[in-house]
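Generate the whole structure from the sequences, applying the supplied hints.
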Amino acid sequence: MSIATAASLRALREQKPLVHQITNYVVMNETANVTLAIGALPVMAHARREVEEMASAAGALVLNIGTLSDDWIEAMVLAGKAANAAGVPVVLDPVGAGATRYRTETARRLLAEVDVAIVRGNAAEIATLAGRKAEIRGVESLGAGDGGAELAALAASALGVVAAVTGPVDHVSSGGEVISVANGHELLGTVTGTGCMATAMTGCFVAVQPDRPLQAAAEALVAFGIAGEDAARSAKGPGTFHAGLYDALYNLDPDALDERARVRER
Amino acid sequence: MSIATAASLRALREQKPLVHQITNYVVMNETANVTLAIGALPVMAHARREVEEMASAAGALVLNIGTLSDDWIEAMVLAGKAANAAGVPVVLDPVGAGATRYRTETARRLLAEVDVAIVRGNAAEIATLAGRKAEIRGVESLGAGDGGAELAALAASALGVVAAVTGPVDHVSSGGEVISVANGHELLGTVTGTGCMATAMTGCFVAVQPDRPLQAAAEALVAFGIAGEDAARSAKGPGTFHAGLYDALYNLDPDALDERARVRER
Amino acid sequence: MSIATAASLRALREQKPLVHQITNYVVMNETANVTLAIGALPVMAHARREVEEMASAAGALVLNIGTLSDDWIEAMVLAGKAANAAGVPVVLDPVGAGATRYRTETARRLLAEVDVAIVRGNAAEIATLAGRKAEIRGVESLGAGDGGAELAALAASALGVVAAVTGPVDHVSSGGEVISVANGHELLGTVTGTGCMATAMTGCFVAVQPDRPLQAAAEALVAFGIAGEDAARSAKGPGTFHAGLYDALYNLDPDALDERARVRER
Chain C
58 MSIATAASLR ALREQKPLVH QITNYVVMNE TANVTLAIGA LPVMAHARRE
108 VEEMASAAGA LVLNIGTLSD DWIEAMVLAG KAANAAGVPV VLDPVGAGAT
158 RYRTETARRL LAEVDVAIVR GNAAEIATLA GRKAEIRGVE SLGAGDGGAE
208 LAALAASALG VVAAVTGPVD HVSSGGEVIS VANGHELLGT VTGTGCMATA
258 MTGCFVAVQP DRPLQAAAEA LVAFGIAGED AARSAKGPGT FHAGLYDALY
308 NLDPDALDER ARVRER
Chain L
58 MSIATAASLR ALREQKPLVH QITNYVVMNE TANVTLAIGA LPVMAHARRE
108 VEEMASAAGA LVLNIGTLSD DWIEAMVLAG KAANAAGVPV VLDPVGAGAT
158 RYRTETARRL LAEVDVAIVR GNAAEIATLA GRKAEIRGVE SLGAGDGGAE
208 LAALAASALG VVAAVTGPVD HVSSGGEVIS VANGHELLGT VTGTGCMATA
258 MTGCFVAVQP DRPLQAAAEA LVAFGIAGED AARSAKGPGT FHAGLYDALY
308 NLDPDALDER ARVRER
Chain P
58 MSIATAASLR ALREQKPLVH QITNYVVMNE TANVTLAIGA LPVMAHARRE
108 VEEMASAAGA LVLNIGTLSD DWIEAMVLAG KAANAAGVPV VLDPVGAGAT
158 RYRTETARRL LAEVDVAIVR GNAAEIATLA GRKAEIRGVE SLGAGDGGAE
208 LAALAASALG VVAAVTGPVD HVSSGGEVIS VANGHELLGT VTGTGCMATA
258 MTGCFVAVQP DRPLQAAAEA LVAFGIAGED AARSAKGPGT FHAGLYDALY
308 NLDPDALDER ARVRER
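Chains as they are written, first to last, in this note's numbering: chain C, 58 to 323; chain L, 58 to 323; chain P, 58 to 323.
It is worth saying that the hints were derived from the structure and are not from the lab. From a predicted model like this one, the values you see are computed outputs, not experimental measurements. Treat the hints with caution; some may be incorrect.
The list treats identical chains as interchangeable, and a pair is accepted whether it falls inside one copy or across any two copies.
No farther apart than 27 Å at their CA atoms in a straight line, the calculated lysine-lysine pairs in the DSSO-like style are these [unchecked claim]: (1) 138 with 73; (2) 293 with 138; (3) 73 with 190; (4) 73 with 293; (5) 190 with 293; (6) 138 with 190.
Written as structure tokens, this is what we have:
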């Protein structure tokens, strides 16, 4: 099951897959730019009249519930089903699940009606979906620093997905196996939407290996975390870090990735 | 009534209040990043099915009418009433009031149906709401450089709020008293949404002192203005200024704030 | 017909025209900042209840179909007709025409119901509207590097507009004449929304010379391309390039523009 971030990044840059994203208003520009910087092609489309056509033509579909409304939920379900029918992998970011009933119910509905390959969230969001108690303030997870590996495995089994629980250390699991990724930098927590960016990266990586969602999810977090480390080097705060993050993704050197990956598989 | 920006900033960073923002599409990412950079937690949610739950759980609610539509207005009213019921202070940014009838009427409706603690706008927007004639082009105030102090006092009395009129010099009033803030930098006028950012900052500061809206509004403008001064130092134009603004907010040194504040209270 | 970018930029900075933009969620902040950086005033408004009033008061109206939904299309039609009635030039960006039927049909409907002065798009989008076969992935044009001049002339004649086809070299035509612009930098392709920014720039330039849409479209691309060249000089990747682009637009020196323009008119 071992991961191969360098090889996947090379494939991604070669194939430039289209990643269809139905995501929130706050981060649309940012996740599109992450997608471009890593080497894929983003497209944002949310109208019910076009999402099926767009999702079917994509390499991956990313659903993100960060700023919900009823019309968008219907579009997500339609797009998800079309992606399923076309064999296009679906990644879900359950932003704020646990913070309001509406978000929790929507995330559950998407998981019930769409065959989701990967769920990427923080500990509180994933715990909520796995039926555990979680402490959340708005869309931020509080406290849940430990137990991420167990949580990822539990959620993966309970939901029948690959679960990626991100935090100071990220944990990705398909149920039995767990891959832990310790790359990253604390400045990632000072910019809004870095979780959503990690989800977009996951869409990019799974688009070039739809049959390996576990590896794709872990590789995306390795690449994103290393880019965060690179961006932090010359950052003077969240603003220059944010700009530097796109530079770092664009300049990621595949040759150095596998050595720099701080990964534990078990 | 004297303001204490340093103490409030320390409280804000300690308490990390949740600031629920129903704001416009143009600035969502930016006001979320300002909120994070200063030390609070942003959450954007606009669905009628969740705004009451979210607003009730927040430390402050920010309503911003920059890109309106009917659904969003209904959500703002619902959120505002829920915030009122929960004792959560409400901050209103009447973007473009005076530019179209729709915006003017919406700002007036929100003021009528919701107990608003603070209104933050430019001179033309505040003058429109106070029943004065104003010159506005799109969402920019033209001309009204002088008379801000009187306008703030007039609007505060007429509307029963704390009024914050921002411009080259900002004026904040609860009716009788006026606090003037001369911090800031002209580059703030070259980046879209810096007014909306000032409003988000106001939400952050009032969240930790809901009973002192006058001081909170002035302190937010002091802190934001000083960050603007810091960001201008190494900026080469609006782009690097914009990135530097988040760095500056994040790196604001409370120990220096009260000395650097260019405030006149009367 | 010769273009005069320097003179137009000076007029733009002097007049600060209001540019009303009904555009997509991904780039709203970015096109607003481009508009401000070059010296005009942006306003975003999409509600049916206010677009006619806003468009009538503007110097130009920009319609961009990057993230469509039915309500927004109706608003675009209303705004376009109001702009027509008021003599306000309309610029259309048919983002993703050819990628889904919904986008193609919407672009065609806008061209049928609104008197559009300038259409700015990539080769695939313009080819789709001109009735040619095009290869598009999401909203990116593939392959169509050559033949831009002929395509621009063909589309201009077929659609009765000024057509601006952007790519490594841009081609602008009113049917007979073609102006080619070779300014720009490949980093423009690494940031999302640079096409939309070029369209916003077009709106700014036509606002100060509504009777010269051909020249305005070419001048906008000259100015934007030169800013891209300037921004690339100190960029380390897409993030610093993006920030630098606003700096470069803001700092554009009119005295150097006409000499730096890489333009061929025929």
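Which hint numbers does the structure go against, in order from smallest to largest? Of the numbered hints, 2, 5, 6 do not hold.
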